[in-house]
Amino acid sequence: DIQMTQSPSSLSASIGDGVTIKCRASQSIGNSLNWYQQRPGKAPNLLIYGGSSLRGGVPSRFSGSGSGTDFTLTISSLQPEDLATYYCQQSYTSPLTFGGGTKVEIK
Amino acid sequence: EVQLVQSGVEVKEPGESLKISCKGSGYSFASYWIGWVRQMPGKGLEWMGVIFPADSDTRYNPSFQGLVTISVDKSISTAYLQWSSLKASDSAMYYCVRPRAAAVDYFDYWGQGTLVTVSS
Numbered sequence: 019d020i021q022m023t024q025s026p027s028s029l030s031a032s033i034g035d036g037v038t039i040k041c042r043a044s045q046s047i048g049n050s051l052n053w054y055q056q057r058p059g060k061a062p063n064l065l066i067y068g069g070s071s072l073r074g075g076v077p078s079r080f081s082g083s084g085s086g087t088d089f090t091l092t093i094s095s096l097q098p099e100d101l102a103t104y105y106c107q108q109s110y111t112s113p114l115t116f117g118g119g120t121k122v123e124i125k
Numbered sequence: 048e049v050q051l052v053q054s055g056v057e058v059k060e061p062g063e064s065l066k067i068s069c070k071g072s073g074y075s076f077a078s079y080w081i082g083w084v085r086q087m088p089g090k091g092l093e094w095m096g097v098i099f100p101a102d103s104d105t106r107y108n109p110s111f112q113g114l115v116t117i118s119v120d121k122s123i124s125t126a127y128l129q130w131s132s133l134k135a136s137d138s139a140m141y142y143c144v145r146p147r148a149a150a151v152d153y154f155d156y157w158g159q160g161t162l163v164t165v166s167s
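Heads up: the protein sequence lines correspond to chains R and V, in order.
Going from the first sequence to our numbering is simple: count from 1 and add 18.
Going from the second sequence to our numbering is simple: count from 1 and add 47.
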């Protein structure tokens, strides 16, 4: 199985700050990397697919980059509603696997 | 509007059987894979498997093969996740998901989740 490792596991930032979350795959996955946001008590929601494509309706402050084994999710200016846990997921091969999650808290 | 609506909270005892459901609407149900993701309490996401309603082709995560059964009734646009004998370790939130196009793909739609609690 492809292992997905996220860092950090949690972070705390102020409103308006830029936030960066990293995801590393145990082998090359091309650009088959997706990001999800899970707000407290809710189902996850797709933010970014194919490494850098923003899903329709997702605010432009979210962006994704990377290819191969190293990927990044960036929130350019943190907003109160961004309080959530963020997961990366590889869709390169079965079984599909997720990172362990990054919990984003607001200072 | 695409919607995946799951069945409600379940509280069961160890050894009991269970079948939870997910009804799709707003799209051609038979033409898209549909699957399940587990989230144990306070933990991350685990892909369990998917099924293609048109022909019931089913793909399992080896970690879940033999432990659960994924099925579908395309006549009522509903997918199922089934256990024959529950264990306490099956206690989790289970999400129904729709992969974008292929069995191995990202999930563009999620159900609201079904909480399963197994306790004596």
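A hint or two may mislead.
[Claimed, not checked] Below, a list of computed lysine-lysine pairs in the BS3-like style, where the Cα atoms sit at most 30 Å apart:
#1 LYS59(V) - LYS134(V)
#2 LYS40(R) - LYS70(V)
#3 LYS40(R) - LYS125(R)
#4 LYS90(V) - LYS134(V)
#5 LYS59(V) - LYS121(V)
#6 LYS40(R) - LYS90(V)
#7 LYS90(V) - LYS121(R)
#8 LYS60(R) - LYS125(R)
#9 LYS134(V) - LYS70(V)
#10 LYS70(V) - LYS121(V)
#11 LYS59(V) - LYS60(R)
#12 LYS90(V) - LYS66(V)
#13 LYS60(R) - LYS90(V)
#14 LYS121(R) - LYS40(R)
#15 LYS66(V) - LYS60(R)
#16 LYS66(V) - LYS121(V)
#17 LYS90(V) - LYS125(R)
#18 LYS90(V) - LYS59(V)
#19 LYS134(V) - LYS60(R)
#20 LYS121(R) - LYS60(R)
#21 LYS40(R) - LYS60(R)
#22 LYS59(V) - LYS70(V)
#23 LYS60(R) - LYS70(V)
#24 LYS90(V) - LYS70(V)
#25 LYS134(V) - LYS66(V)
[As the list claims (entries may be wrong)] Quick list of the computed label-pair ranges, beta carbon to beta carbon:
#26 GLU123(R) - ALA149(V): 33 to 41 Å
#27 LYS60(R) - SER166(V): 39 to 47 Å
#28 SER110(V) - VAL76(R): 27 to 35 Å
#29 THR92(R) - LYS134(V): 16 to 24 Å
#30 SER46(R) - GLU48(V): 17 to 25 Å
#31 SER85(R) - GLY62(V): 46 to 54 Å
Worth flagging that the hints you see were computed from the coordinates, not collected in a lab.
Where a beta carbon is used, it is the ideal one built from N, C-alpha and C, also for glycine.
Hints and how they fare:
{"no.": "1", "hint": "LYS59(V) - LYS134(V)", "result": "holds (9 Å)"}
{"no.": "2", "hint": "LYS40(R) - LYS70(V)", "result": "violated (35 Å)"}
{"no.": "3", "hint": "LYS40(R) - LYS125(R)", "result": "holds (20 Å)"}
{"no.": "4", "hint": "LYS90(V) - LYS134(V)", "result": "holds (18 Å)"}
{"no.": "5", "hint": "LYS59(V) - LYS121(V)", "result": "holds (27 Å)"}
{"no.": "6", "hint": "LYS40(R) - LYS90(V)", "result": "holds (19 Å)"}
{"no.": "7", "hint": "LYS90(V) - LYS121(R)", "result": "holds (11 Å)"}
{"no.": "8", "hint": "LYS60(R) - LYS125(R)", "result": "holds (22 Å)"}
{"no.": "9", "hint": "LYS134(V) - LYS70(V)", "result": "holds (25 Å)"}
{"no.": "10", "hint": "LYS70(V) - LYS121(V)", "result": "holds (10 Å)"}
{"no.": "11", "hint": "LYS59(V) - LYS60(R)", "result": "holds (23 Å)"}
{"no.": "12", "hint": "LYS90(V) - LYS66(V)", "result": "holds (23 Å)"}
{"no.": "13", "hint": "LYS60(R) - LYS90(V)", "result": "holds (14 Å)"}
{"no.": "14", "hint": "LYS121(R) - LYS40(R)", "result": "holds (12 Å)"}
{"no.": "15", "hint": "LYS66(V) - LYS60(R)", "result": "holds (22 Å)"}
{"no.": "16", "hint": "LYS66(V) - LYS121(V)", "result": "holds (16 Å)"}
{"no.": "17", "hint": "LYS90(V) - LYS125(R)", "result": "holds (23 Å)"}
{"no.": "18", "hint": "LYS90(V) - LYS59(V)", "result": "holds (21 Å)"}
{"no.": "19", "hint": "LYS134(V) - LYS60(R)", "result": "holds (25 Å)"}
{"no.": "20", "hint": "LYS121(R) - LYS60(R)", "result": "holds (14 Å)"}
{"no.": "21", "hint": "LYS40(R) - LYS60(R)", "result": "holds (23 Å)"}
{"no.": "22", "hint": "LYS59(V) - LYS70(V)", "result": "holds (22 Å)"}
{"no.": "23", "hint": "LYS60(R) - LYS70(V)", "result": "holds (18 Å)"}
{"no.": "24", "hint": "LYS90(V) - LYS70(V)", "result": "holds (26 Å)"}
{"no.": "25", "hint": "LYS134(V) - LYS66(V)", "result": "holds (14 Å)"}
{"no.": "26", "hint": "GLU123(R) - ALA149(V): 33 to 41 Å", "result": "holds (35 Å)"}
{"no.": "27", "hint": "LYS60(R) - SER166(V): 39 to 47 Å", "result": "violated (24 Å)"}
{"no.": "28", "hint": "SER110(V) - VAL76(R): 27 to 35 Å", "result": "holds (30 Å)"}
{"no.": "29", "hint": "THR92(R) - LYS134(V): 16 to 24 Å", "result": "violated (41 Å)"}
{"no.": "30", "hint": "SER46(R) - GLU48(V): 17 to 25 Å", "result": "violated (37 Å)"}
{"no.": "31", "hint": "SER85(R) - GLY62(V): 46 to 54 Å", "result": "holds (48 Å)"}
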